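Going by my numbering, the residue at position 68 of the sequence shown is 154; the numbering climbs one at a time, nothing skipped.
These aren't lab readings, by the way, just hints derived from the structure by calculation. Bear in mind the structure is a predicted one, so any value in this text is a computation, not a measurement. By construction, the Cβ of each residue, glycine as well, lies at the ideal position given by its N, Cα and C atoms. Heads up, some of the hints might be wrong.
As the list claims (entries may be wrong) - Pairwise CB distance ranges (calculated): (1) Pro141 with Ile186: 18 to 26 Å; (2) Pro201 with Asn172: 19 to 27 Å; (3) Pro208 with Gly233: 16 to 24 Å; (4) Ser203 with Leu234: 36 to 44 Å; (5) Thr155 with Ile206: 24 to 32 Å.
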Amino acid sequence: MAAYNNNNNNGATAFFLISLLFAAASTPLAHGQSLTVRGLTVIGSLCCTPTGNCPGQGVAGVPVSLNCTLVGGSARVLGTGVTDANGRFNITLPALTGLILGQPFVPCVTTVQLPLSTVICPALNTTTGLLAAAVQSAGTVFTSTLGLIQNATITGFVGVRA
């Protein structure tokens, strides 16, 4: 009786599955088809510069809000985060009724309330109002907890007077 070599079969199976996944991911959807995106993750950084944009020293402990426009035109704060020791933030929220995800344009902005404390960031201490940054899609990923998640980044902060 011939011996069964499981190692070669596992390699061929893995190669086939990876090829199939790559083909499915690179094939555009037909007109009218859609995927259900079950959440949004926005990442960004805040640096101690006059604009709040990096490069520069990250600003730790600063609250960041995720404000989104829902179907019908109403805007709401849907999520918040706090910058880490390097000034990075990550805000994740589940899909909500009225928030359309899965498109290249994400109808959200991140905001930081100004002024910041002189101890935290002298460069953003004399400015009042908000720093606001548009959110842009960075693709989608699959997670075991939420399913298909839209990843997004910020475009860069601009000052908005209150």
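Now the hints, each set against the structure:
1. Between Pro141 and Ile186 the Cβ separation comes to about 33 Å, which falls outside the hinted range of 18 to 26 Å.
2. In this structure the supplied range 19 to 27 Å holds for Pro201 paired with Asn172, their Cβ-Cβ distance being about 21 Å.
3. Checked against the given bound of 16 to 24 Å, the beta carbons of Pro208 and Gly233, roughly 44 Å apart, lie outside it.
4. Under the hint 36 to 44 Å, the C-beta atoms of Ser203 and Leu234, about 39 Å apart, fit the expected range.
5. About 30 Å separates the C-beta atoms of Thr155 and Ile206, a value consistent with the hinted range of 24 to 32 Å.
The structure does not agree with the numbered hints 1 and 3 stated previously, though it agrees with the rest.
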